[in-house]
Amino acid sequence: MKQSFSTHQLVILIFAIILMVLFQKSKLDRRHHEASIITFLSLSQKNNIITLQTVKLQTGLNKNYDAISQSSLVFNYLINQQITHLKAQSNDESLLKSLYYIKDLIHTKAQVIDRFKQQNAIFQNALHYLPKLSKQYFDKLLLNQTLSTYQRFKIKTSLDDLLFSVFLLQVRVDIPTETIQKNINRFLKEVNTRTGLPKVFTEQAKKITDLSQLLIINRNELDLTINKIINDQVGFEIKKAKQHYLMWFSLKEKKANIYSVALISVAFMLLIYLGLLFLRLEKTRKQLSESIADLQFSQYALDEHSIVSTTDVKGNITYANQRFVNISGYQIEELIGKNHSIINAKYHDKEFFSDMWKTIASGQIWHGQILNISKKGKKFWSETTIVPRLNKKHKPYEYVAIRTDITSQKTAEQKAEILARFPEEQPEPVLRVNANGRLLYANKAAKPITKFWGIEENELLPDYWANKAQKALFHNESYQVDLDLKLFSYVVHITPIIDERYINFYARDVTRTKQAEEKLSYQATHDPLTNLTNRFAFEMLLHASIKECEIDPSISTHLLYIDLDQFKIINDTCGHVAGDELLRQITSQLEQQLRDSDVLARLGGDEFGIILNHCPLSKATHIANNICSTVKDFRFMWADKSFTIGASIGLVKVGQDISTVSKALGAADVACYMAKDLGRNQVHVYKPDTSTVLEKHQEMLWATSIPKAIEENQFVLYAQPIKPLKDIYESHYEILIRYTNESGEIVPPGAFIPSAERYDLISDLDMWVVNNTFNLLNQYPKATHRVSINLSGLSLGSKDFLQQLTVLIKTSNVDPKRLTFEVTETAAISHLSAAIHFIEVIKSLGCKFALDDFGSGLSSFSYLKNLPVDFLKIDGAFVKDILTDPIDEAMVRSINQIGHVMNIKTIAEFVETKAIEIKLKSIDVDYVQGYAIAKPRRFEDILQEGSE
Amino acid sequence: MEKKAKQFLLYALFIIVAVLSVQLFVNDVNNMLSEKQPFDPLLNFKQSDSKNYIQPIPLSLNLDADKVKLGEMMFHDVTISPNNVSCSSCHKLEKGGVDNLKTSVNIQGGFDEMNTQTVFNCAFNPKLFWNGRLSTLKEQLDDVIHNHKHLNSNWAWIVKSFKQNPAYNQLANKIYGESLNKSNISDAIITFEQSLYTPNSRFDQYLRGNKTAISEDEKKGYQLFKDYGCISCHQGINIGGNLLAKFGVYYNPFNDKKVLTATDLGLYSITHQEKDKHVFRVPSLRNVEKTAPYFHNGSKKTLEEAIKLMAKAQLGQNLPDNDIKLIAKFLRTLTGQYKGKDL
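First to last, the sequence lines map onto chains A and B. Start counting the first sequence at 13; every next residue gets the next number (this note's numbering). Start counting the second sequence at 248; every next residue gets the next number (this note's numbering).
Keep in mind that the hints were calculated from the coordinates and are not lab data. Possibly wrong hints are sitting among the right ones.
As the list claims (entries may be wrong) - Some but not every residue of chain A turned toward chain B, in silico, with C-beta under 8 Å: (1) Ile26; (2) Ile30; (3) Thr71; (4) Asn74; (5) Lys75; (6) Tyr77; (7) Asp78; (8) Asp126; (9) Ala133; (10) Asn137; (11) His912; (12) Arg950.
To be verified - The calculated lysine-lysine pairs, modelled on DSS-like cross-linking and capped at a C-alpha distance of 30 Å, are: (13) B:Lys429 to A:Lys144; (14) A:Lys266 to A:Lys252; (15) B:Lys421 to A:Lys147; (16) A:Lys688 to A:Lys675; (17) B:Lys473 to A:Lys68; (18) B:Lys429 to A:Lys218; (19) A:Lys152 to B:Lys576.
Unchecked claim - Some residues of chain B that are not near chain A, with every Cβ distance over 10 Å (derived): (20) Asn347; (21) Lys410; (22) Ser442; (23) Ser479; (24) Val506; (25) Asp511; (26) Lys522.
Computed from a predicted model, the values in this text were never measured in an experiment. Every residue gets a Cβ at the ideal spot worked out from N, C-alpha and C, and that includes glycine.
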């Protein structure tokens, strides 16, 4: 039953019940009614029967009183019954009154009937006895002989007449009593007139007549009584009462009919209603069974999916499903009755649980995630919903806990949470923009950007960026856009996420890179010392200028090549700090002479280059001369000393013939060289047909050839013996380098060494020599030759070179004692501190050092104190003319003496004759070297010989 | 809550409807059953035949044997009265349903005013008691129970007393489906009284066509009985008992009496009407041989004496002795059988 009964349905029911009661009553009435009608009929009938019976009894047709007694009794019974029936049906007073009246009448009638019976009995008795008496009388009379036959006949006739008339009394109502009286009198007269009759006859006759008289009287009385019975009011009253009753009943019946009809219709309605109810009930039952099936399935599904348990209010487990058992690791018997805290992992604080209990105890549903622990100690997270079941007082009496194992989700969630912090923690800016160009998200690192744009989240990006974002989304393409702020620089990757309809901005902070780049590019293009454009940048600019001239030949651009005179001396004597200072001061001097469009660059050491863009020759010459005079006039002050310097300037018009940078530079260099050659401190304008220019040019070609030659091993090692002049010393060989050109000719070092030095290739050449010497020595292990290897000043100042050399010496099988390294005096002095360090390191390995070309550099002897060398090689210029020039001899002597004093052995170079050798020997020089002793030969050949 | 109350009310109403329906049905069934066996107070008159003076007693009546059994026990049960007397104290079945005393000894120790009438065939009497003042056995039973000279009891006493008898309770439950009460005790006793009929007398056999059932003298006696008009009053099934008559039509024997008792006045003692003086119920002549002494006061000890007085009083005739003898012989043929045995 889905809906409860409505009020009107209720009313119908009540109405139906009332009608039912009334109908029942009316039905009972009908039963009594039928009885009443029958009784009325019976009463009328009985009344008539009684009349009939009375007459029958009187006439002798009926011979006993059983029937009339019965009728009388029944009559009385019937009226009593009728009263009972009517009383049961109604309390209609008048009707009852009439019935009671009838009852009285019947009672009276019964008495009358009794009287009738009494009278009739006597009457009938007399009627029975009279013939008997008459017969006795007649019999006696026949025996009596005193009367004649006629007389006797006469008496008999009168007696017969009397008897006959008397008997008529029984059957005929209208017999006149006079006739009987007349017959009585006649009979008496006949008897009494006959004399002679015994007295008994007259007495007997009297008896007969008396009896007859009595019969007449009885008959009259009977008539009265019978009339009373026949004519009484009973029949009429019964009829009247019946009419009365029928009228009353028909009225009542009408009412009852209405009730019946109403009841039947209501019953019909009820039937339909019940039918509908049944149908609905059936439908509900079906739905219910379906619902139960659904519920069971849901239960099944729930059990399959979730961990379900129920507890009582104290938290004791009353039910646990299979999944609960599985995950908890307890048997079901272990769980039932135990408190739910059995699986508490004690991860949550007290407040967590008190809050939970508070919620469910108040009848509310609790949701939460709980960390539980299984029997084996395995922890698991469960998404838990606790539903309290409430009793009628809305107090919970049971809790149903439904859990889902979310351990993996939880772990993932924690991971995701950490991951979610990623963009925020990301040091690079990340932004998200929707399709409208509205900022959805910006991480912490993106603050400078949003601040720059002046927007917050949910505000529109600047049009440019909004357009970029929309464009990216529209074309589904990623863009990379630079974003420069005042302090920061970013590269922004605009990446559309098509499915989500938003755009991610991944900005990369390139501030530092950019700065580094700038610095690098500055460094790449500038000279750190003077902050002038460096050679590299200068060549680029020059290239551009040349191209410009090529395109437009009318443009006249000139290149100046400046080489400072005397710089080397200042640098060598006052130290490179002074040299550096000089360069800076010169730079500022030069800059003052230039136009804005001109480019000044430091090309190397003391060399400067200037591009005079859009400058005719006259102007260019003018500028060059100005520079020349400025440098000449410039006084460099260093340590209370004043130095004068000069500048040799080569001037070249670029373009046309001079169509490459190398050509331009080469030409300018050559021009500068020429200016130097022509007496320094002047300007020389390049002329292409000058022979010196060719030479210079050749030199420059070496710069490219040397690396190639190193690579292709086009150099060859030669060696020249250094012969001891004293027996105690051992001879050794100075290693020399030669170049084998394409045609197999041996080129002496003078052709390429200057180039190598100029173009900073000398260290590579040094290393090549060292490597190849070692290789050769290793190839000929039997050879015990001592070797002396030249090192350039550049190599001496290079830490890398020192390291490489150290490694080589240490790793090679060559005995370090066999090794001597030669450095020039100039090289050593110009890198004095580095040279000292270098020498000390190499010497510590067991090698020896020689100071080459001693005397040529105009250096002071005091340097020797600081340089821990083993040999002094006296400059060949002194040795060459020792026999003829006493100064040279003195120089050699003094150098030799100083050397010896300082325990340094001396070597004389350029010994070209035997005489010189002898002379040197006399001076007490320790070693000699030169053509007089031996010419340089292929080192390999020497080793080969030595090995044999 | 309101909804629940409503529902409860509804269920209650449904139950009422159901109960009413059942009641209705049961009532109808009861009515049908009761229509099948209606209470017939006039059962014993069913076979009345008015064409002959005398009709024989039916050989059997359809009575409930259990009721008869219960009524018989009660009839003989002295606990019906606080004075330890029963119906059978006066109506001794072995003595023709009377005590053969002139008048019965009453519980107060004296003699009763009237001669006890037989209980046999009493059910056929439409009038009861000598003065015929009652018509039904039920009325008679009620009267005799409360009569302080006879049983001196009351229904409450009887019901209480009879309830102590387990047999009564058992039978009452079996027959009536209820415990003992006034109406079922009354019914049981009356049914027993109805069973006290004496069919198959020799005269009844004669009436049924067995012409040799009675002797010639007895036949003569019957003829005399008719000729003298005795049969005018002594007719019907019970040969009397169905009408009232004045004692002394031609000769009033009370005229000779110096003191008249209340009973001598007959119906007059009830109606106080002159015409009812000495009016008595005509007694039944069945088993008359066994019910001596005769008349309301038990004044005549033999049938002959009674016949003689009757002839004189009602016919004004002194009958010849031979005739009286013959009539008496006839009267002795009226003795019937009870439970198949002659009384």
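Hints, verified against the model:
1. With a least beta-carbon distance of about 7 Å to chain B, the hint placing A:Ile26 at the interface is held under the 8 Å criterion.
2. The beta carbon of A:Ile30 comes no nearer than 10 Å to any beta carbon in chain B, farther than 8 Å, and the hint placing it at the interface is violated.
3. Restraint check, A:Thr71 versus chain B: the minimum CB separation of about 12 Å is more than 8 Å; hint violated.
4. Below 8 Å, beta-carbon pairs count as interface contacts, and A:Asn74 has one with chain B at about 4 Å; its hint therefore holds.
5. Taking 8 Å as the C-beta contact cut-off toward chain B, the hint placing A:Lys75 at the interface holds, the least distance being around 5 Å.
6. Hint on A:Tyr77 holds. Least Cβ distance to chain B is approximately 5 Å, under the 8 Å limit.
7. The interface hint given for A:Asp78 holds, since its Cβ lies 4 Å from the closest Cβ of chain B, which is under the 8 Å cut-off.
8. Below 8 Å, beta-carbon pairs count as interface contacts, and A:Asp126 has one with chain B at about 5 Å; its hint therefore holds.
9. Given hint, A:Ala133 at the interface with chain B, holds; its Cβ is 5 Å from that chain's nearest Cβ, closer than 8 Å.
10. About 4 Å separates the beta-carbon of A:Asn137 from the nearest beta-carbon of chain B, less than 8 Å, and the hint is met.
11. With 8 Å as the threshold, the beta carbon of A:His912 stays out of range of chain B, its nearest partner Cβ sitting at about 136 Å, so the hint is violated.
12. Using the Cβ-Cβ criterion of 8 Å, the hint placing A:Arg950 at the interface with chain B is not satisfied: the shortest such distance is roughly 128 Å.
13. For the given pair, B:Lys429 sits about 53 Å from A:Lys144 by alpha-carbon distance, which is inconsistent with the 30 Å threshold.
14. At roughly 21 Å between alpha-carbon atoms, A:Lys266 and A:Lys252 fall within 30 Å of each other, so this suggested pair holds.
15. For the hint pairing B:Lys421 with A:Lys147, the CA-to-CA distance comes to about 64 Å; that exceeds 30 Å, so the pair is violated.
16. Only pairs whose Cα atoms come within 30 Å are accepted, and A:Lys688 paired with A:Lys675 is accepted, the gap being roughly 20 Å.
17. Distance restraint check for B:Lys473 and A:Lys68: the Cα-Cα separation of roughly 19 Å lies within the 30 Å cut-off, and the hinted pair is therefore satisfied.
18. Taking the CA atoms of B:Lys429 and A:Lys218, the gap is about 60 Å. The hint is violated against a cut of 30 Å.
19. The suggested pairing of A:Lys152 with B:Lys576 holds, with an alpha-carbon distance near 27 Å, which does not exceed 30 Å.
20. Non-interface call for B:Asn347 relative to chain A: holds, since the shortest CB-CB distance, roughly 28 Å, exceeds 10 Å.
21. At roughly 29 Å from the closest C-beta of chain A, the C-beta of B:Lys410 stays outside 10 Å, upholding its exclusion from the interface.
22. Once the 10 Å rule is applied to beta carbons, B:Ser442 is consistent with being away from chain A; the minimum gap is 20 Å.
23. The Cβ of B:Ser479 sits about 4 Å from the closest Cβ of chain A, inside the 10 Å cut-off, so the non-interface label is violated.
24. With a closest Cβ-Cβ approach of about 26 Å to chain A, B:Val506 is found to remain outside the 10 Å limit, as its non-interface label requires.
25. Distance check on B:Asp511: its Cβ is at least 18 Å (rounded) from any Cβ of chain A, clearing the 10 Å threshold; non-interface status holds.
26. A beta-carbon of chain A is positioned within 10 Å of the beta-carbon of B:Lys522; the least distance is around 8 Å.
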